[in-house]
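> Each chain, letter by letter, is given below.
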Amino acid sequence: MDAQAPLWLGIVLYRTEPAALALLQRSLDAAARHPRAPALTLRQLDNSPPARNIGFGAAHNKLMAEAFEHPATRAYLCVNPDAVLHPDCLAELWAEAQLNPRAALIEALQHPDEHAKPYDPATHATPWASGCALLITRLAYEALGGFDERFFLYCEDVDLSWRARAAGLHVGVAPRALVHHYVADRTADHGSVAQMEKSAALLGEKVAASPELRAVADLRHGLKFAKARW
Amino acid sequence: MQRARSLDELAALPRGPVLVALRHAGSTSRLLSELIGEGSAEPAVSEQQALAAFARLGLAVRARGQAADPAPRLALAAATGKLLRALLESLQPLSSADFLLFALEPGAAPAPLQSTLLSVVVRFSGADEVALDRTLFALACQRSAPLELVVAAPSGAALLEVESALARHAPLQTFTGRALAADGAHFSAAAWAAGVTAAQGRYLAVLEAGDLVYPHHYPDLMTALAREDAGVALARGRSAQLGPAPDGTSFVSGKTDEAALDLGSLIRERKLTAAAALFDRQRLGAFALDRLDPTAKDPEGLLLLRLFALLAPAHSAAALPSFEHPARAWPAPARSAELPVLRSLGDLEQLLALAPAPPWLRYRVADAVNSAFRALSGLWRKR
Chain X
4 MDAQAPLWLG IVLYRTEPAA LALLQRSLDA AARHPRAPAL TLRQLDNSPP ARNIGFGAAH
64 NKLMAEAFEH PATRAYLCVN PDAVLHPDCL AELWAEAQLN PRAALIEALQ HPDEHAKPYD
124 PATHATPWAS GCALLITRLA YEALGGFDER FFLYCEDVDL SWRARAAGLH VGVAPRALVH
184 HYVADRTADH GSVAQMEKSA ALLGEKVAAS PELRAVADLR HGLKFAKARW
Chain B
443 MQRARSLDEL AALPRGPVLV ALRHAGSTSR LLSELIGEGS AEPAVSEQQA LAAFARLGLA
503 VRARGQAADP APRLALAAAT GKLLRALLES LQPLSSADFL LFALEPGAAP APLQSTLLSV
563 VVRFSGADEV ALDRTLFALA CQRSAPLELV VAAPSGAALL EVESALARHA PLQTFTGRAL
623 AADGAHFSAA AWAAGVTAAQ GRYLAVLEAG DLVYPHHYPD LMTALAREDA GVALARGRSA
683 QLGPAPDGTS FVSGKTDEAA LDLGSLIRER KLTAAAALFD RQRLGAFALD RLDPTAKDPE
743 GLLLLRLFAL LAPAHSAAAL PSFEHPARAW PAPARSAELP VLRSLGDLEQ LLALAPAPPW
803 LRYRVADAVN SAFRALSGLW RKR
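Quick note, the sequences are listed as chains X and B, same order.
So the mapping is simple: our numbering equals the position in the first sequence, first residue as 1, plus 3.
So the mapping is simple: our numbering equals the position in the second sequence, first residue as 1, plus 442.
Chain X with its partners taken away, still in its complex shape (with noise of 0.2 Å):
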């Protein structure tokens, strides 16, 4: 791991368990060997307690603050600890990235059942991006600051997504980046749900506020924040 690789890597633990942090650390040195895989700095923060829990988002804004202060960094890659990274991810995110000179955020696909939202198979282009293993450019940073740090948990990503879009840039799919990454099975809770909403309004309040955030952002469809494809 180095401190001037071009890729650096966060993960927000929040009482994660630790055969699924070993796993996706497993993952990771695999999928890092790839020959064409970038260079890799990795960083964890905990939100578990006894540390105060900052919320998603903001951890994330963390850092990512460090790793853009090293002018060699191009992107950060957010992986949420629950994932595990196919071989070829890095190097297909990587590759991915290159393609778009406007490219600001790229997500992997999740695998084994991929989002329902649509991306175009030509361009890549999808109207948000999850950040369950997000890819986000230095120009994307620069350009939007990271997360907005109101939104504890939920739709961060939907918003960042729609925000990168209202500024002309580009958020795409990479279709052969694999993660690993299934929930459809848990049963959410009710502090989730309410996280769930309250991130739902707040996003609604934000889109109802700005005409350049109205042009691209997708509200008809419930939490699911675009058409599915099926």
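By construction, these hints were calculated from the structure, which means they are not laboratory data.
Keep in mind that the hints are not guaranteed to be accurate.
In silico DSS-like pairs for lysine-lysine, Cα to Cα no more than 25 Å straight-line [as the list claims (entries may be wrong)]: (1) X:K120 - B:K697; (2) X:K227 - X:K120; (3) X:K227 - X:K201; (4) B:K713 - X:K230; (5) X:K201 - X:K230; (6) B:K697 - X:K227; (7) B:K697 - B:K713; (8) X:K209 - X:K65.
Mind docking chain B on chain X? Use the hints.
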């Protein structure tokens, strides 16, 4: 070459390779002979008895073959005989063998099944290495442990690709994997047989490259097996419509969930896929799970159908589909006449009424078939 005419004589032979031919006690010809009162006096043993005897004698099976009697002498009309054979073979696929052939060598019997191990056999024809990679990645991240992956492929480039793909995902340390050669005119059946025979787990599943399991698929199925003390459990799946994207990747344009686990429709429409199933081989006992009929229009469906004729499947309680497979061109829906186990009793009675056999024989066979169907329909109703 020395010859032995009994197991005792076999035990007395000098140690070395041994070829054994047996008349099969559980063959359809023999069972039907018994049924119509024309039982043969010739000695015979069942395959299970033979295998147990070989193990006792310290002989390991290196190869197995079987042959049907080309001209069975049964006092039954040809159509009736064919129908009854189909019924019996539905209940036990091994019954199609009139003669069993074994090549034996001194050695240990196969290791017993590992009681907590899940073995997943993946068949890879060599056609789509990206599909194989995605299947293995999904398996490597599923939640059941311990896990054995057995990937069968034709010898050559495909097998090398399997080895490479297994090595690519090995750093996750979530499975043990091995590549197996499966060659022959009917790849799918050969790969099934090779994989199932090599798999060491009590719990067994079979996929094709391109099938994707969600992380909870096998834990849910294991829960269903335990809950209902069942030998096989089924999960609901979905099919993904894949098309090529301009850059050569596959683009998922849609997914269709199975509305529900409607076994009757899945069977009739030949949409019953092995990916939906998890087998508990300890509970299944002697059922011949390793043999697909490569000449059948829907070999997997037929095997499952035979199994369901004996044992009612348990169902996963998951609210959502737990696996997906690429949308495929399914075989034409089955006509009822092609499904011997599901053939209506009325059809059978109509056929039997036309059989050129003395009335007493017709009634006797009809009674036996009636009893078998009553038992079967009882099993279905218990689902």
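> Could you run down the list of hints and mark each one as holding or not?
Taking the hints in turn, this is what the structure says about them:
{"no.": "1", "hint": "X:K120 - B:K697", "in the structure": "holds (12 Å)"}
{"no.": "2", "hint": "X:K227 - X:K120", "in the structure": "holds (8 Å)"}
{"no.": "3", "hint": "X:K227 - X:K201", "in the structure": "holds (15 Å)"}
{"no.": "4", "hint": "B:K713 - X:K230", "in the structure": "violated (29 Å)"}
{"no.": "5", "hint": "X:K201 - X:K230", "in the structure": "holds (22 Å)"}
{"no.": "6", "hint": "B:K697 - X:K227", "in the structure": "holds (17 Å)"}
{"no.": "7", "hint": "B:K697 - B:K713", "in the structure": "holds (15 Å)"}
{"no.": "8", "hint": "X:K209 - X:K65", "in the structure": "holds (23 Å)"}
Figure legend: structure checked against the earlier numbered hints; the only hint not met is number 4.
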